[in-house]
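Taken in order, these protein sequences are the chains called A and B. Going by this note's numbering, the first sequence opens with residue 46, and the numbers climb by one from there. Going by this note's numbering, the second sequence opens with residue 10, and the numbers climb by one from there.
20 Å max Cα-Cα, derived SDA-like pairs, lysine to any residue: (1) B:Lys275 - B:Ser64; (2) B:Lys174 - A:Asn250; (3) B:Lys120 - A:Leu264; (4) B:Lys150 - A:Val343; (5) B:Lys150 - A:Thr344; (6) B:Lys120 - A:Asn250; (7) B:Lys120 - A:Ser259; (8) B:Lys120 - A:Asn258; (9) B:Lys249 - B:Asp214; (10) B:Lys120 - A:Ala253; (11) B:Lys120 - A:Leu257; (12) B:Lys174 - A:Leu257; (13) B:Lys174 - A:Ala253; (14) B:Lys120 - A:Arg249; (15) B:Lys120 - A:Glu261; (16) B:Lys120 - A:Asp247; (17) B:Lys150 - A:Tyr248; (18) B:Lys174 - B:Gln86; (19) B:Lys174 - A:Arg256; (20) B:Lys174 - B:Glu199; (21) B:Lys120 - A:Phe263; (22) B:Lys120 - A:Ala260; (23) B:Lys120 - A:Tyr248; (24) B:Lys150 - A:Phe342; (25) B:Lys126 - A:Arg256; (26) B:Lys150 - A:Pro269; (27) B:Lys126 - A:Leu257; (28) B:Lys120 - A:Pro269.
It should be emphasised that the hints constitute simulated quantities derived from the structure, not laboratory data.
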Amino acid sequence: MATAKLKTAIDGGVRPDQPKPGPQTAEIIPLKRAEEGALRRQAGRFGAWILVSVLPPMLTVALLLLIWQLAFSGPGATLPPPSTVWKEAHDLILQPFYWAGSQDIGLGWRVLTSLQRVAIGFGLAAVVGVAVGSIIGQSIWAMRGLDPVFQVLRTVPPLAWLPISLAAFRDANPSAIFVIFITAIWPIIINTAVGIRNIPQDYRNVAAVLRLNSAEFFLKIMLPGAAPYIFTGLRIGIGLSWLAIVAAEMLTGGVGIGFFIWDAWNSSRLPDIVVALLYIGLVGFILDKFVAAAGRFVTRGTAAS
Amino acid sequence: MSRPDVTNAPYLKLDHIAKSFQRGASSTEVLRDINLSIADGEYVAIIGHSGCGKSTLLNIIAGLTPVSSGAVLLENQEVNSPGPDRAVVFQNHSLLPWLTVYENVALAVNKVFGSRKSRAERDAWIRHNLALVHMTHALDKRPSEISGGMKQRVGIARALAMEPKILLLDEPFGALDALTRAHLQDSVMEIHARLKNTMIMITHDVDEAVLLSDRIVMMTNGPAATIGEVMEVPLERPRKRLDLVEDPTYTHARAGVLEFLYARHKAPSIAA
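So here's chain A without its partners, still in its complex pose:
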């Protein structure tokens, strides 16, 4: 059936005064070619991706490992070379989720504990930050009153908040969450406010003609209109949160990747610290990409106009 149809289609495209092509060539070769072409294109694209996105960072990492190995292999080296790290701490790399008692657990669990704190602190910061940023962006008087205060507060380093929050909450966990919150909230507030101030007057006019009430205006015009800016703020905020949680956990103790580093330092387990740094870097990278991807998904179309 299919070959017959194909044949007619091809015959139909040939002028009658020309010799018709043999059925063999007409039936098989074009199909095969198309299939092969698609496969080759796909393989080519995969190869190009390897060449462009995977190979260069791999080479860099290999080179760095080599330099590191050479630099700290001597007898008086203060830091462990990669070979020592692998020898002494490969269990941490290979088994992120083992569980052998409350303090002898895999780094995966510790990272998850830290992530949980970040999720709560950053989540609160996102909600409060977008709300406060909307008010500042919308009201000139709120901006005049609040902006200078925020500009001062946002320069306070995250850890400087820790003693105050420890005194206020009298507990390590809420204090760490508060430090995340107070670190992440400023870029979210400021970017949301800028985004809302930059909503074109045209969109406001549309809302006015439609008589949208303030809730509808907020949900249907303000949030989507300012979304690209809001996500810039969220992305900066998540990065700062991850920076702050490690430092805060070093001081508050308990379970968490930050305290693990501090604990390893106190018991001179330098290879463990190196592995922990690797985890922190990778998780921070994933968090950033995650928020960026969420932003791209939510604001699709907006940026292109």
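Dock chain B against chain A, hints included.
Quick look at chain B alone, frame taken from chain A:
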């Protein structure tokens, strides 16, 4: 110099409208003593040089800009805030870029008819209005994915879908190329013939004004601009672009507007 009244009872009445903008201690008078009555179903074009305050006048009718004195009366009721009864087709389409074509119209329809029509009725009404402007093929496209002319069509559909008493068009085709513009002018004429709604259009294109309008309102130059002259365009409808080229009524009306704009009220920059 405005005509005292039209034969029908005034549907929309602009009564001694004046507008000044305050900046610190100084104030600039933009419009003064605007009087105009517009009948139901009439197509009125407002024409004038840049800076004559014609967009301000449209915004005043829309309720987006408050008057300094005077009033806008729609069916004998004063209107001083924006509302869907005076829908605006904005110069730069003003579609929300994060919504699809369908959703942009749906935003208006759901707000205006949310309590009066069922979900299925609203859906049919959205599709009906997009069909009026020949845009049903792009329901799920975003504004960034369609051409300028198409965006303006969707803007018109959104305004029409509000079932406004008056449709206000603020230089709706100003940003379009000549061919697209002609195409959209034909669409607007077709819609006007079909729905018989009242339309007020700002333009600075003489041919567009003569082709589309029943009356042309010509504005003097700012500051303190006012209506210089109102000209009747007594051409039969439906009007055909090609037939009008040689039509004496058309050429006469066109000459009248050109004479007003370039002989008696030159643009300030040309006069200087």
